[in-house]
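> Chain by chain, the residues:
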Amino acid sequence: MENIAAYLPSLIEGTWLTISIGLLSLALAMFLGLMGAWAKLSKSRIARYSAEIYTTLIRGIPDIVWMLLLFYGGQIIVNDISDAMGWGYVDVDAYTAGVLTIGFIFGAYMTETFRGAALSIPSGEVEAGVACGMSRIVLFRRIIWPQLLRYALPSFGNNWLVLIKTTALCSVIGLEDLVRKADLAGKSVREPFTFMFGVLVIFLIITSISLYVLNRMEKHYNIGVRRA
Amino acid sequence: MEFELIFNHMPRFFEGLLTTMKLVGGALLIGGLMSIPMAFARTSLNPLINWPVYAFTYVFRGSPLLVQMYLIYNGAAQFDFIREGFLWLILREAYWCALLAFTLNTAAYTTEIFRGAIQSVPFGEVEAAKACGMSPLMRIRRIILPSALRRALPAYSNEVIFMLHGSAIASVITIIDILGAGRELNGKHYLAFEGFVTAGVFYLCLTFLIIGAFKLLEKRWYKHLRPREEVAS
Numbered sequence: 000m001e002n003i004a005a006y007l008p009s010l011i012e013g014t015w016l017t018i019s020i021g022l023l024s025l026a027l028a029m030f031l032g033l034m035g036a037w038a039k040l041s042k043s044r045i046a047r048y049s050a051e052i053y054t055t056l057i058r059g060i061p062d063i064v065w066m067l068l069l070f071y072g073g074q075i076i077v078n079d080i081s082d083a084m085g086w087g088y089v090d091v092d093a094y095t096a097g098v099l100t101i102g103f104i105f106g107a108y109m110t111e112t113f114r115g116a117a118l119s120i121p122s123g124e125v126e127a128g129v130a131c132g133m134s135r136i137v138l139f140r141r142i143i144w145p146q147l148l149r150y151a152l153p154s155f156g157n158n159w160l161v162l163i164k165t166t167a168l169c170s171v172i173g174l175e176d177l178v179r180k181a182d183l184a185g186k187s188v189r190e191p192f193t194f195m196f197g198v199l200v201i202f203l204i205i206t207s208i209s210l211y212v213l214n215r216m217e218k219h220y221n222i223g224v225r226r227a
Numbered sequence: 000m001e002f003e004l005i006f007n008h009m010p011r012f013f014e015g016l017l018t019t020m021k022l023v024g025g026a027l028l029i030g031g032l033m034s035i036p037m038a039f040a041r042t043s044l045n046p047l048i049n050w051p052v053y054a055f056t057y058v059f060r061g062s063p064l065l066v067q068m069y070l071i072y073n074g075a076a077q078f079d080f081i082r083e084g085f086l087w088l089i090l091r092e093a094y095w096c097a098l099l100a101f102t103l104n105t106a107a108y109t110t111e112i113f114r115g116a117i118q119s120v121p122f123g124e125v126e127a128a129k130a131c132g133m134s135p136l137m138r139i140r141r142i143i144l145p146s147a148l149r150r151a152l153p154a155y156s157n158e159v160i161f162m163l164h165g166s167a168i169a170s171v172i173t174i175i176d177i178l179g180a181g182r183e184l185n186g187k188h189y190l191a192f193e194g195f196v197t198a199g200v201f202y203l204c205l206t207f208l209i210i211g212a213f214k215l216l217e218k219r220w221y222k223h224l225r226p227r228e229e230v231a232s
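Heads up: the sequence lines are chains A and B, in that order. Mind the numbering: the first sequence is residues 0 to 227 in numbering that gives the first Met the number 0, read in order. Mind the numbering: the second sequence is residues 0 to 232 in numbering that gives the first Met the number 0, read in order.
Simulated from the structure, these hints should not be mistaken for laboratory data. Among these hints, one or two may not hold up.
What the hints assert, rightly or not - Sample of chain B residues at the chain A side, in silico, Cβ under 7 Å:
no. : residue
1   : 65
2   : 168
3   : 189
A virtual CB, placed ideally from N, CA and C, is assigned to each residue, including glycine.
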């Protein structure tokens, strides 16, 4: 136990790193998800097909394979580009690679989330908006966006819970996140179980808080729904 | 892309494929069998039966699979009574540790999938079975299980794919599965793409195979829900 106390500052630092990767990649995933959903629902065939390829490839290959591929392969591509441009050595660090990979992967899951939500908005409401003379921006802001959030929230919450657990994989490409810090510390003081168990508890706390917040959000966005 | 190197490394990839299939198949089989009684425990109104199982599923669904695997593989050695006991024969091998972690993980997810399916069995069907004088076990065997397993199929197919993809982390603890073979190729020749892309293609094919298999299964199990075909006169 005294060992855990000695390493506590380092573990807290790792926890913040894990959370910051989670939130940054969530932002990227939401952006990609909205773009992907928009592409999948668009009239352009090229946009639809490329979004389809994106989601199929991402969801067909394990996340850790993508992470290793982007981390090691990304470095070589960056080297080639910077050689051609004469920039000198540009380092791809594990943090950037982690955020980009996780954001990229969950962008595909978010695409399905937002696409499903957009399809559940009654088309009559959009027609009514158009009939009232709303511009496309007003229509999006007043009619589509609030309902998109309501319908997307359950699946969005699920994606977030999977995403925060996926950040643990960043430790494999050498990022000093919570899992790697605890792994190294646990091995050096010969208490690997105690330290990894601490990580497990921290993840349980993060997911429990997330569940609570998501529950509150669902209540908030469903305020306009009548229930029997 | 150096296709010759990939080609020469193919035997290792197929050995890896076998390891992945054994790990995933074993975990799904044992975890699936564990999850059925646990799912019934989760529907129990008795908190002494319900809560321990809920705690189990909550812990295993709320933390990363990688952490669970580390906990078993690295953590077991911390305790002298494990190192000296017969359990050490199992827990010192990376393969069995991975299998144990995967089994417990998929058991937790599958339990909650089955619980949802059991609870969505229409109450009238259970009531009718009671009225016919069926014993609780017979009700489970004849009414609840066939109906619940059928309802659980779409969610369960997702879980199978998640398990396949999750199993790729076995390569982190020195197991040569598909990704492990890919990492070998990369490490040996200092290549970035070849090993990982090949491993990715293997996983992609497996994923499509699984999706196809479940489509066939759904066709069979949901036959009664499809519009009736025209009877040839």
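> All hints are to be evaluated individually against the structure, with a verdict given for each.
Each hint tested on the structure:
no. : hint : in the structure
1   : 65   : holds, 5 Å
2   : 168  : holds, 6 Å
3   : 189  : violated, 10 Å
Hint 3 from the list above is the single one not met by this structure.
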